[in-house]
Amino acid sequence: KQEVTQIPAALSVPEGENLVLNCSFTDSAIYNLQWFRQDPGKGLTSLLLIQSSQREQTSGRLNASLDKSSGRSTLYIAASQPGDSATYLCAVPYGQNFVFGPGTRLSVLP
Amino acid sequence: ETGVTQTPRHLVMGMTNKKSLKCEQHLGHNAMYWYKQSAKKPLELMFVYNFKEQTENNSVPSRFSPECPNSSHLFLHLHTLQPEDSALYLCASSQEQSPSYEQYFGPGTRLTVT
Chain A
1 KQEVTQIPAA LSVPEGENLV LNCSFTDSAI YNLQWFRQDP GKGLTSLLLI QSSQREQTSG
61 RLNASLDKSS GRSTLYIAAS QPGDSATYLC AVPYGQNFVF GPGTRLSVLP
Chain B
111 ETGVTQTPRH LVMGMTNKKS LKCEQHLGHN AMYWYKQSAK KPLELMFVYN FKEQTENNSV
171 PSRFSPECPN SSHLFLHLHT LQPEDSALYL CASSQEQSPS YEQYFGPGTR LTVT
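Those sequence lines, one after another, are chains A and B. So that you can map any letter, position 26 of the first sequence is 26 in our numbering, and since no number is skipped, the others follow by simple counting. Add 110 to the 1-based position in the second sequence for our numbering, that's all there is to it.
If you're looking for bench data, these hints aren't it; they were derived computationally from the structure.
To be clear about the criterion: a stretch of chain A counts as covered by chain B if any three or more of its residues have a C-beta under 8 angstroms from a C-beta of chain B, and this derived list gives those stretches:
| # | region |
| --- | --- |
| 1 | 26-36 |
| 2 | 45-51 |
Far from chain B, some chain A residues (derived; all Cβ distances over 10 angstroms):
| # | residue |
| --- | --- |
| 3 | Ser12 |
| 4 | Thr58 |
| 5 | Arg61 |
| 6 | Ala78 |
| 7 | Ala79 |
| 8 | Ser107 |
| 9 | Val108 |
| 10 | Leu109 |
Computed from a predicted structure; not experimentally measured. Where is the CB? At the ideal position from N, CA and C, for every residue including glycine.
One chain only, chain B, in its complex shape (with noise of 0.2 angstroms):
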C-alpha cells in the first residue's frame, strides 16, 4: 500500500466502550498528525508527533490518548466518548512538523458515538 491509511473506516461505539484508530504512513515520513472534522466546522488538530515525541496537544480531552510508537504508526484510543465527538478523524504525515512541507491526508474513520 502507498501513502497514509487508516482504519478502521467507519466506527459506531458506545458511551461506555473502549476503542482505537489506527493511522500508518508509507512515505518515510517523520511527523504525523491527528485532525478532527465535525460538521460545519474547520479543520481542528488534535495531536502532532515529530520523530516520535508528541509536540502538540491542542487541549484535547483526556478521553482522547495518541501512541505513536514508530514514524509510520499513530493510533488514537478512545474511552468513555460523548456524542459530541461524532466526527470524521483524518490522519496526515509529512516530512517533518513544518507547514514547509505538504501534509498528506488519510481517507479518514466516520466515527458515531451512540
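Isolated chain A, as found in the complex (with noise of 0.2 angstroms):
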C-alpha cells in the first residue's frame, strides 16, 4: 500500500525567504508526482506535474524535484511572498489513482 508523508506539517516563515517543502513515498515505483496548492475551504489548484523521467519541474519560483529511489519529492519556493500562504499537498500514484499526503500549512507573514 502506498503511504505519503509530508514534512513539516506547518510552516511559517518572514516574506522573502526560500523554503523547501518535503514528501515521502513508501512505495518508490511511480512514474509521476503532483504538486497541488489548497487555500482555506477551497478546491485544489495543480501546480506541478513531475514525471520520474523528469527528476525536475520548474514553474516560476516553484521548483519541484523527484527522486523515486529514496521515496522522495521537494517543492522548493524562491523569494516567498504572503500570497503563498496556503496548504500544500503532494499525490503520489498508486494503481490507477493518486494517494494524497496530509499536506503543509504554510504561512508567509509580512
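From these two lone chains plus the hints, build me the complex, please.
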C-alpha cells in the first residue's frame, strides 16, 4: 500500500525567505508525482506534475524535484510572498489513482 | 464557465434529509472523482467514474450514492447522513482514469450535518 507523508506539517516564515517542503512515499515504483496548492476551504490547484524521467520541474518561483530511489520529492519556493500562504499537498500514484499526503500548511508573514 | 464547478458551495442538512451535490466539468475529460476531506485527515478517494462507468467504490457507506449520467456531470446523493460525514466534498476530473493525467479540482462543497 502506498503511504505518503509530508514534513513539516506547518511552517511559518517571514516574507522573502526561500523554503523547502518535503514529501515522502513508501512505494517507489511511481512514474510521476503531482504537487497541489489548497487555499482555506477551497479546492486544489495543480502546481506541478513531475515525471520520474524529468527528476525536476519548474514553474515560476516553484521548483519540484523527484528522487524515486529514496522515495522523496521536494517543493522549493523561492522568495516567498504572503500570497503563497496555503496548504501544499503532494499526490503519488497508486494503481489507477492518486494517494494524497496530509499537506504542509504554509504561512508567509509580511 | 470553465474548469470544474460544484454546487452548492455550502450545505447544512439534518440527519433525516436527502440532498444532492452536483459537479460539472467543462474540460472534455472522461474520468470524474469524488473525494472527501475531513479536518486533519488526508484527502480520501470515494468514487471514480471512467467513461461513465463506476470503477472505484472505496468502501463508502451506502448513505452516499453517486450518479454519472454523462461524462460532464457527476452527482453525489446523500441520505440519512451522520454528523461525522461533515466535511469538504471535492470533485475532480482528468482526461482518463490514470495517474498519467493531471487531476483538476472543483472548489468543493462544505457539508455540515446537524
